[in-house]
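> Go ahead and model the full structure; you've got the sequences and the hints to work with.
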Amino acid sequence: MSEEGVLCGTFFMNGDVACAEGAISAGCRFFAGYPITPATEVAERMSERLPHVGGVYVQMEDEMASMNAILGASWAGMKAMTATSGPGFSLMMENLGLGVMLETPCVLVNIQRAGPSTGLPTLVAQGDMMQARWGSHGSYEVIALVPSSPQEIFDLTITAFNLSERYRVPVLVMSDEAVGHMSEKVVIPRIAPEELANRRRPDVAPEEYLPYKSNGDLVPPMAIAGEGYRFHVTGLTHDVRGYPVMTAEAQDELVRRLVDKIRLNRDDILKYEEVGVEDAEVIVCAYGITARIARLAVQQARDEGIRTGLLRLITVWPFAENYIRELAQQVKAFVVPEINYGQIVLEVERCAGGKASTLLVPHMGGGVHSPQTILKAIKEAAQ
Amino acid sequence: MTSTVTVEENTIDSLLRADRMPHIWCAGCGIGPAVGCFIRAIWRAGLDPDKMALVSGIGCAGRVAGYVKLDSFHTTHGRALPFATGLKIGNPELNLVVFSGDGDLVAIGGNHLIHSARRNIDMTVVCINNFNYGMTGGQLGPTTPLDALSTTSPYGNFEYPFNVPYLVAASGATYVARWTVLHARQLERSIAEALTKPGFSFIEVLSPCPALYGRMNKQSKGLDTMHAYQQRSIVKDGADPKDVAITSDGHIVVGKFVDIERPTFWDYHKQMLDRALRKATLANQKVL
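Chains W and Y, in that order, are what the protein sequence lines are.
Everything in the first sequence is counted per our numbering, starting at 446 for the first residue and increasing by one.
Everything in the second sequence is counted per our numbering, starting at 183 for the first residue and increasing by one.
Some clues are possibly wrong.
[To be verified] Stretch by stretch, here's where chain Y covers chain W in the computed footprint (C-beta under 8 Å, at least three residues):
#, stretch
1, 495-501
2, 537-547
3, 673-682
Note that these hints are calculated values from the structure, not bench results.
Because the structure is a prediction, the values reported are computed rather than measured.
Yeah, the Cβ is synthetic: ideal placement off N, Cα and C, and Gly gets one too.
Given below as structure tokens:
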């Protein structure tokens with residue numbers, strides 16, 4: 446352990462705990478949460494660890510409060526996070542929208558379980574992937590990252606904080622119960638300060654500061670409360686001063702910028718892993734825990750002589766649409782296994798644009814695919 | 183010959199966003215006068231406005247955040263308190279004020295209200311109570327008196343309203359007061375007191391809504407409501423909050439009801455921190 450209480454070394458820990466440690470390594474010093482299976486261990490770990498690194502854990506009365514509390518803490522200059530699962534994720538959608546509208550850096554972790562409603566609280570699913578993209582009202586973009594191991598949830602939680610600070614947007618870590626509850630080796634490196642992004646701060650005097658004026662890159666510098674800027678921010682449609690303006694023109698200018706700051710920076714944000722896609726005629730496109738099983742199926746298909754590749758999505762939102770469009774020119778089919786009844790497959794199908802076929806391999810949740818199920822789909826797609 | 187008369191600058195101007203005037207509040211509305219009391223209270227308490235932050239929810243009173251020249255946040259409906267909780271924990275040096283309405287704080291934000299009082303986190307809540315939802319056109323809310331008319335109680339309200347000071351006091355607030363906007367000096371003094379009082383302070387401010395609630399309940403001018411306040415109010419400092427429920431035509435008990443000492447969120451947090459730091463952390467963490 447380093448002097449400041451931030452862990453360093455090789456550990457055996459579950460995904461939820463690794464997520465909490467990733468947050469602490471990323472500089473998160475505020476966590477607001479509400480207990481929910483299977484994300485509870487993130488909160489428990491934060492409540493144990495934050496006092497030792499000068500941070501504060503606060504247990505809120507519900508998930509609406511948790512989401513708001515992290516927004517408030519972010520405006521006080523903290524790096525802040527909450528963690529939840531399906532039902533709580535639904536409750537957070539209201540103020541995810543506020544986070545987008547105020548352009549507030551923060552991280553929201555969803556350890557997905559099976560729904561709808563209370564569903565299977567202790568068992569895995571990937572059913573909130575579209576909600577992550579569209580769950581709050583209005584037109585907006587967020588960033589969503591999907592880890593497939595405890596090591597990766599550690600790494601991606603740091604990435605999530607960096608992206609949220611860089612783009613002033615809530616970043617979602619869309620993990621799942623299987624990754625959250627599996628224990629594996631996690632290597633925690635010493636993170637150098639320059640590896641951590643911090644929001645750009647205003648470099649003008651308070652009288653000249655305009656909270657939503659960006660200098661070309663669409664991401665405005667952010668003042669924090671208590672520094673004399675006396676700024677105003679609102680969830681209403683606003684102009685560069687942060688003042689409400691109830692016109693279609695102001696709405697057009699604001700929403701375009703909120704969306705474009707993510708869309709136009711897609712190349713900087715996107716992360717994916719590819720295995721054997723160069724000569725593939727079938728590509729399995731998978732994410733999270735399902736990608737680990739797909740890897741095995743892809744290997745088996747190769748062994749049986751089917752030229753198969755794996756495209757593992759790490760960033761799911763924004764979607765890797767240009768890349769999938771390109772791949773669609775080359776392959777016969779995409780096979781999309783996911784623990785829901787068809788969500789990301791819709792995006793793959795849209796990007797394939799009829800150039801390649803798409804085959805969904807659904808699982809309703811409560812367990813993971815067997816490699817044989819995915820292998821069978823690969824064989825079907827290869828015909 | 184003309185002479186120039188120099189009028190002393192209005193002391194509240196420097197804390198208002200002049201570039202946002204005129205405001206959206208109706209003629210006769212009580213929110214403006216309450217904001218005036220609030221700003222004078224800041225001066226009275228001798229606070230540095232640079233070290234203050236104000237959070238509002240949604241509704242007519244929610245718009246206060248947009249008119250005061252402080253770091254100010256106009257959040258979502260009902261959620262001003264949890265937003266403020268994060269802000270305060272993030273920077274404990276901030277003097278934090280939540281300024282919002284009865285629908286926002288007591289209805290949709292009711293759960294956050296009782297929990298913020300329970301937590302006794304250091305902030306001041308000014309709750310404008312105009313007995314209805316003004317922004318959406320005068321619907322009944324959880325403070326609408328029994329039998330009162332509103333656009334969704336056209337035959338009279340048939341639900342009990344909350345006695346808000348009683349609710350907040352029972353939840354753990356260390357300072358609870360109620361005034362009407364007619365009681366401008368008492369209100370100003372009370373807000374100043376609350377701003378410097380550690381813990382969760384709550385001030386209910388009864389406020390005319392002539393355009394909606396007043397119009398439907400025989401007080402179509404702001405002045406009618408002010409007259410009613412004058413005739414019906416009884417100042418009773420130290421009144422037991424359980425005895426201050428508001429009815430549509432009975433007495434309105436105003437005053438400072440609660441002013442107690444109780445360890446705040448930070449007091450207990452500090453005790454916890456001492457215990458935590460004495461304990462070796464992660465002793466059971468297996469290092470490979």
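> Do three or more residues of the stretch 495-501 of chain W come closer than 8 Å to chain Y, measuring C-beta to C-beta?
holds (count 3)
> Can you take a look at whether the stretch 673-682 of chain W is actually covered by chain Y? Rule is 3+ residues, C-beta closer than 8 Å.
holds (count 9)
> With a C-beta cutoff of 8 Å, work out whether three or more residues of the stretch 537-547 of chain W approach chain Y closely enough for the coverage to hold.
Answer holds; 5 residues pass the 8 Å Cβ test.
When the structure is compared with the earlier hints, no violation turns up for any of them.
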